[in-house]
Amino acid sequence: MKDIFYKILIVCILCSGQNIRAQEEVSKTIEKSYEFTNAGELQLENKYGNIIINGWDQNEVQIIADIKVSKKEKEDAQELLARIKPFFTISGDFINIFSNIEEKSNSFFSRILNRANPFDFDKGNIQIDYKINLPINAEVQLTNKFGDIIISDWKGRLKVNLQHGDIWINNDLTNANIETKFGKLQAKSITYGNIELKNSELDLDTSEDLRITSSGSTINIDSVKNLEMYSSKDKATIRKLEKIQGELRFSNIRLEEIKENIDLTLDVADLWINEILKNDAHITIKQKSSELNINISNLSFDFNASLEQGLLRIPKSFVDIKTDVVDSKKKLRNITASYGLGKKGEFNITGKKGVIILKER
Numbered sequence: 083m084k085d086i087f088y089k090i091l092i093v094c095i096l097c098s099g100q101n102i103r104a105q106e107e108v109s110k111t112i113e114k115s116y117e118f119t120n121a122g123e124l125q126l127e128n129k130y131g132n133i134i135i136n137g138w139d140q141n142e143v144q145i146i147a148d149i150k151v152s153k154k155e156k157e158d159a160q161e162l163l164a165r166i167k168p169f170f171t172i173s174g175d176f177i178n179i180f181s182n183i184e185e186k187s188n189s190f191f192s193r194i195l196n197r198a199n200p201f202d203f204d205k206g207n208i209q210i211d212y213k214i215n216l217p218i219n220a221e222v223q224l225t226n227k228f229g230d231i232i233i234s235d236w237k238g239r240l241k242v243n244l245q246h247g248d249i250w251i252n253n254d255l256t257n258a259n260i261e262t263k264f265g266k267l268q269a270k271s272i273t274y275g276n277i278e279l280k281n282s283e284l285d286l287d288t289s290e291d292l293r294i295t296s297s298g299s300t301i302n303i304d305s306v307k308n309l310e311m312y313s314s315k316d317k318a319t320i321r322k323l324e325k326i327q328g329e330l331r332f333s334n335i336r337l338e339e340i341k342e343n344i345d346l347t348l349d350v351a352d353l354w355i356n357e358i359l360k361n362d363a364h365i366t367i368k369q370k371s372s373e374l375n376i377n378i379s380n381l382s383f384d385f386n387a388s389l390e391q392g393l394l395r396i397p398k399s400f401v402d403i404k405t406d407v408v409d410s411k412k413k414l415r416n417i418t419a420s421y422g423l424g425k426k427g428e429f430n431i432t433g434k435k436g437v438i439i440l441k442e443r
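Residue numbering for the sequence shown follows the working numbering, starting at 83 and increasing by one per position.
Certain hints may be false.
Straight-line C-alpha distance at most 20 angstroms; calculated EDC-like pairs for lysine to aspartate or glutamate [as the list claims (entries may be wrong)]: (1) Lys317 x Glu338; (2) Lys266 x Asp211; (3) Lys368 x Asp352; (4) Lys213 x Glu127; (5) Lys263 x Glu290; (6) Lys325 x Glu428; (7) Lys129 x Asp148; (8) Lys441 x Asp402; (9) Lys237 x Asp248; (10) Lys317 x Glu261; (11) Lys114 x Asp139; (12) Lys368 x Glu329.
Here are the computed distance ranges between Cβ atoms for each label pair [claimed, not checked]: (13) Asn252 x Lys404: 55 to 61 angstroms; (14) Glu117 x Ser234: 20 to 26 angstroms; (15) Ile232 x Lys404: 58 to 64 angstroms; (16) Lys341 x Asp402: 22 to 28 angstroms.
It is worth saying that the hints were derived from the structure and are not from the lab. No experiment lies behind these values; they were computed from the predicted model shown. From the three backbone atoms N, C-alpha and C, an ideal C-beta is built for every residue, glycine too.
Can you build the whole structure from these sequences, using the hints too?
Have a look at this one:
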C-alpha cells in the first residue's frame with residue numbers, strides 16, 4: 083500500500099511540475115513622458131503590481147508600465163495582455179493613470195456573464211508594475227491593490243490607499259495621508275501625517291503631528307510630538323512623545339517616555355507609562371474595565387478620582403488623602419490627594435471597574 087501511495091504522489095508532483103512549466107508568459111512595456119512641474123498632481127490607480135516613485139530635478143514626468151501575463155496557452159495570454167490598457171488623462175499639470183482591464187466582449191450576453199463572474203483570469207497570472215520619475219515636490223495620489231509601493235528621493239504631498247501590499251517611504255515627507263489594509267507601512271519621517279490602519283503594521287521613526295486611526299494592527303513609533311490616536315484591538319509601542327489624546331478600545335499601549343499632557347479614554351484597554359518628564363504634567367484619563375500602570379516618580383500634582391468599583395493602588399507618599407463614598411452599593415467614591423513638591427500639575431481619573439496602579443521607582 084505504501085508503494086502505491088508513493089507512486090501516486092510522485093505522479094501528482096510530476097503532473098503539477100508539468101503544469102507549472104506549461105505556463106506561457108508574454109509581456110509589454112509602455113513608456114510615456116510629459117511636461118510636469120513641482121506644482122503638478124499625479125494620480126495612479128493600479129491592481130496586481132508594484133509602484134515605484136522616484137523624485138528628480140527635471141520638469142518632466144516619466145512613466146514606465148511593465149505588464150506581464152502568464153497562462154497555459156500562449157494565445158490566451160496574448161489575448162489577456164491585449165486587454166490590459168493603462169488609460170492616461172492629461173490636463174495641464176494634472177495626470178491621471180488608470181490600469182484598465184477590458185472585458186472580453188461588449189455583447190449583451192457577455193455583460194451578463196461578466197456580472198456573474200467578473201474575473202475571467204487569475205490575478206496571480208497578471209503583473210502590472212509602474213516606475214514613475216517626477217519632480218520632487220509634485221503631489222502624488224496612489225491607489226494600489228495586491229502590490230507594494232516604494233517611494234524614494236521625493237518629498238511632495240502624498241495620499242495613498244493600499245490594500246494587500248506594503249509601502250516603504252525611504253525619505254522624509256512633510257505631509258502624508260495614508261490608508262493601508264492588510265499590509266505594512268515603513269517610513270522614516272512624516273512631519274504631518276494622517277494614517278489609517280486595518281490589520282496592518284506601522285513602523286515610523288519620527289513625526290511632529292500625527293493622527294492614527296487603527297484596528298487590529300501593530301504600531302511602533304520612535305518619536306512623535308503630538309499624537310491623536312483612535313485605536314481598536316491594537317498593540318502599540320511609542321518610545322518618545324510630548325502629548326497624546328484619543329480613545330483606546332481593546333488595545334495594549336506602551337508609552338516609554340512622555341513629556342507632558344495625556345488625555346485618553348480607555349475601554350477594556352491596557353495602558354503602561356514608563357516615565358513622565360514634566361513634573362507638573364496634566365493627565366486626564368477616563369477608563370472602563372481597563373488596566374493602568376503608570377510611573378509617577380518626580381511628578382507633582384493634585385489628584386482627583388471618581389471611581390465605581392475597581393482597584394486603585396497609590397504610593398504611601400500621597401498626602402491629604404480624602405475619600406467620599408457616594409454610593410456604597412455601587413462602590414462609587416470620590417478621592418482627592420496631593421503628591422510631590424513644587425508647582426502642581428493635575429492628575430484626573432474617572433472610571434468604572436478596572437485596575438489603576440500609580441507607582442514609584
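Evaluated hints:
1. Lys317 x Glu338: Holds - the C-alpha atoms of glutamate 338 and lysine 317 are around 14 angstroms apart, at most 20 angstroms.
2. Lys266 x Asp211: OK: lysine 266 and aspartate 211 at ~19 angstroms, within 20 angstroms.
3. Lys368 x Asp352: Judged against 20 angstroms, a Cα distance of about 12 angstroms means the pair holds.
4. Lys213 x Glu127: holds (13 angstroms)
5. Lys263 x Glu290: violated (24 angstroms)
6. Lys325 x Glu428: This hinted pair holds, its Cα atoms lying about 15 angstroms apart.
7. Lys129 x Asp148: holds (13 angstroms)
8. Lys441 x Asp402: With Cα atoms ~18 angstroms apart, lysine 441 and aspartate 402 stay inside 20 angstroms; holds.
9. Lys237 x Asp248: holds (19 angstroms)
10. Lys317 x Glu261: holds (18 angstroms)
11. Lys114 x Asp139: Holds, at roughly 18 angstroms.
12. Lys368 x Glu329: Distance of about 9 angstroms is within 20 angstroms: holds.
13. Asn252 x Lys404: 55 to 61 angstroms: About 56 angstroms separates the Cβ atoms of asparagine 252 and lysine 404, which means 55 to 61 angstroms holds.
14. Glu117 x Ser234: 20 to 26 angstroms: Because 23 angstroms falls inside the window, the suggested range holds.
15. Ile232 x Lys404: 58 to 64 angstroms: holds (59 angstroms)
16. Lys341 x Asp402: 22 to 28 angstroms: holds (27 angstroms)
Against the hints set out earlier in the document, a violation occurs for number 5 only.
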